[in-house]
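Trainee: Here is what each chain is made of, one letter per residue.
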Amino acid sequence: MNKRIVLHIFGKIISTVSLLLLLPIFVAVYYGEYGNNKSLLSFAVVAIGSFILGMIISKIFPAKNRTMFAKEGFFVVTLAWLAVSVIGALPFVISGYIPNFIDAFFETVSGFTTTGASILTDVESLSKSMLFWRSFTHFIGGMGVIVFVMAVIPSVSDRSIHILRAEMPGPTVDKIVPRAKDTAKILYIIYIGLTLLQIALLYFGKVFGVGKMGLYDSVVHSFGTAGTGGFGIKADSLAGYTPYDQWVVGIFMVLFGVNFNVFFLLIIKRTLSAFKSSELWVYLSVIAVSTGLITFNILDMYKTGAKTVRDAFFQVSSIISTTGFSTTDFDLWPTFSKTILLLLMIIGACGGSTAGGIKVSRVILIFKIIKRKLKTLVHPRMVKGITVDKKAVDEETVSSAATYTIIYFLLVVLIVFILGFEKNFDIESNLSATLACFNNIGPGLAKVGPTSSYFGYSYLSKIVLSFAMLLGRLEIFPLLLFFSPSSWRKVS
Amino acid sequence: MKIVVAGYGKVGDIIVADLTFEGHDVTVIDVDSAVLQTATNMYDVICVCGNCGDYDTLCEADVKNADMFVAVTGSDEINMLSCFLAKKLGAQNTIARIRNPEYNNNSQGSSFVRQQLDLSLAINPELMAAQELFNILKLPNAVNIETFAKRKFEMVELLIKPDTLLDGIALLDLRKKISDNFLVCVVMRGNEVYIPDGSFVLKAGDRIGITADPVQMQKVLKKLSILQKQARNVMIIGASRVSYYLSRFLLAAGNSVKIIDIDRKKCDEMSKLLPKANVILGDGADQELLLEEGITIMDAFVALTGIDEENILLSFFASSKELPKVITKVNRAELASMASKLGLDSIISPKKITADIVVRYARALQNSKGSKMETLYKIMDGKAEALEFIVEDSFKFVNIPLKDLNTKKDVIIAGIIRGRKPIIPTGNDVIEPNDRVVVISAGHLIDDLSDIIK
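Chains A and B, in that order, give the protein sequences. Sequential numbering of the first sequence, starting at 1, is according to this note's numbering. Sequential numbering of the second sequence, starting at 493, is according to this note's numbering.
Hints listed in this document are in silico derivations from the structure and should not be mistaken for laboratory results. Be aware that one or more of the hints could be misleading.
[Claimed, not checked] Under 10 Å between C-beta atoms, here's a sample of chain A residues computed to sit facing chain B:
| no. | residue |
| --- | --- |
| 1 | K181 |
| 2 | T271 |
| 3 | A274 |
| 4 | V388 |
| 5 | E396 |
| 6 | V398 |
Cβ coordinates follow ideal geometry from the N, Cα and C atoms, glycine included.
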């Protein structure tokens, strides 16, 4: 393996990411969080420290040989995500808001992986800059730490596609323009554009008297939506905001769960091919049907129909896009509705979006594989390829989608088993906690429901759940390979 | 520039490698999804799987916004069809590889086809390769010969043998010994390429490039006592298209040619096309046969079978019989560099020639505003480039003595051709408008003549 280039890129990633800490520093200065409040100090220390560290690493390991293969891509991504999570956790620890490192690590991993699961029992006690940083990790992690770095620094290797592929979610990763760097740039431009649009809509909502979010609230919530993260700044998440605010956030959660290629095709005016994607239609239909079913199920709990539909839609879009905001305590809903939400957790949104889960495109593939298997059982000699959107899917993609799903469920079982050692948690909490972390959603059911937190879990469980979040965000394989002994052998 | 390359075979691979290295946005089309997978893994390109003669595929590759469309699939007909469609869809320039001699036989026919299809360029790699081979055979001691300005200026690549005049001599001393106008403009030692100055001492094993006009070149080579008579008797293994073109050139120049091939049909065809050539039906890998056909008395041996490995091994056999000149056709770049390390010095690759032409065209397109690039050769195993420019009026550095020009390191002006007169430039010479300027560059990408100035 070309260790030099892995470490070289790794160093560059760390020093670039340290620059992102300048934003919370700016917020801390604006709100005067220095002196007694250690927010500014802790951000500054970490930013300078990690910048220097990154520079040193990339200087010590100059990339002489610029060839890299899939393995190097996996390693860069895993290393970077672990390092970024540690760096991102330090300000919480240094400032004393989350004194325990493991708690801070959990919180930061939850941020970068856009999960939104929190160990904080009282969110509102954090300083404004800390809350900003918490939500900003969602924004960075959503489109990808490394995709961001690739968009800004000059290309290190011709084969950077391997890095892109290791970080981007979805069964297949296609570039939308020939160069990986340009692809990364376009994705980020779309991403930032949509986020700015949402900020504007929320902010002007207040200006025109229909919303309640000031600039700070709008920015923080838009970050949470864009990365499909779900960290709120209020104890009751979005329940306290106006219906207008909730509709805007709800619709944008759906949008950020859409494959970004669709937006790109719309921008270059290939509307027809944009709407040809069956993944998009399945995704939208699932949202519509689930919202309908839940609305009927919870109708008698609410007084007005408008609120019923709004709550049902908001919760559905929040869960399927794996965001995790809430406008009501859905843990109080009937079992039928909760079951639907649990299923939505597993499905997740579209590939190539910022969301987690198995991904709609993979689910479509799995159903086609099952259909094919049933047919070949009846007609053993039948030859049948699998097509999506009238295009043949090669067998490699088909089998890796199937393998992915199998490993996915095996890991879920394993994690639920480890959580089983907890004394104070029932199986419903454990199962939903696992699914909520693995699929990067955040709140689960029962004891980890929208009104409670993950604080009660033991440190072992918190570490396991942190890795569940990383496994979900990086789609299992990079992390699995990184920790498998055979990848570390010289000859493999 | 946006460039679409249709067909990702050996040629496609070299073209894509060169074009991405030069920073173009490349889209690759091929029918085989497996080879496209390797393409995306190795190069920063986007791939479209499909038949490049198909309208939908071309649309998906966004051909209508392409600056250049290059068709290098295995089939001439598909290349022509896809270029035709690409042009109609709106591609700015189209280049097709057309190999079948029937489409190329006389210049009238081929130019008609090119006009009707509105092709910017039709490349016949085999013909190009044959021309290059013919040049080398004219001067067997050279490793390679590149010509500039319609053959008014040449660059000869030589390998310095031990204990010859060139071994261990400083360039300043060399100039004192030989008064003719020539320039040692580039030296390759090991894997490094140098642009030498006067104090540079040549060593055995160096590969050097000498530029001069053809008449002077003959004199210089004579004084260096490395001029050898032209190869009169040539043995060619493999009755391929390259051998056909090469034999045609050789026979027209009055040489004798012996072609050996194992395939009856090919031999029949070749004997009909070239009545004057000796066509032998037999296995070229059979050493007994080669000896029987008099390999030892040949002036030159050219291995042109379709298999790289076979060509390399045959050439080793011929070298062991101490033939004056052995030329090997090797298409795969990795094999070519290995073969040259093992001691085969003259290696040609039709695929690489094709790629060079495409890259040159792309670069010329890109700088269509500045000085016009006429030719581009990749020399010294592709580690350096020889370029020829026509100086336009817009060029800012005219009429300045070269010694006052602040040129980049590793770049040298190797020749100026003014009207019909070639000049080997000294510090006092100047560049004038409408001159042709030959530049050698090791390491810099030169798009425009102005690029040589710091």
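Trainee: The hint names E396 (chain A) as touching chain B; please verify it with the least Cβ-Cβ distance against 10 Å.
Mentor: holds, 8 Å
Trainee: Regarding the hint that V388 (chain A) lies at the interface with chain B, is the smallest CB-CB distance below 10 Å?
Mentor: Because about 14 Å separates V388 (chain A) from the closest Cβ in chain B, which is outside the 10 Å limit, the hint is violated.
Trainee: With a cut-off of 10 Å on the beta carbons, see whether V398 (chain A) makes it to chain B.
Mentor: Given a least distance of 13 Å, the restraint on V398 (chain A) is violated.
Trainee: Going by Cβ atoms only, is K181 (chain A) closer than 10 Å to chain B?
Mentor: The hint holds - K181 (chain A) has a Cβ within 10 Å of chain B, the shortest such distance being about 8 Å.
Trainee: Return the status of the interface hint for T271 (chain A): holds when the least beta-carbon distance to chain B is below 10 Å, violated otherwise.
Mentor: violated, 15 Å
Trainee: When the nearest CB of chain B is found for A274 (chain A), is that gap smaller than 10 Å?
Mentor: Cβ of A274 (chain A) sits 14 Å from chain B, so the hint is violated.
Taken one by one, the earlier hints fail for this structure at numbers 2, 3, 4, 6, listed in ascending order.
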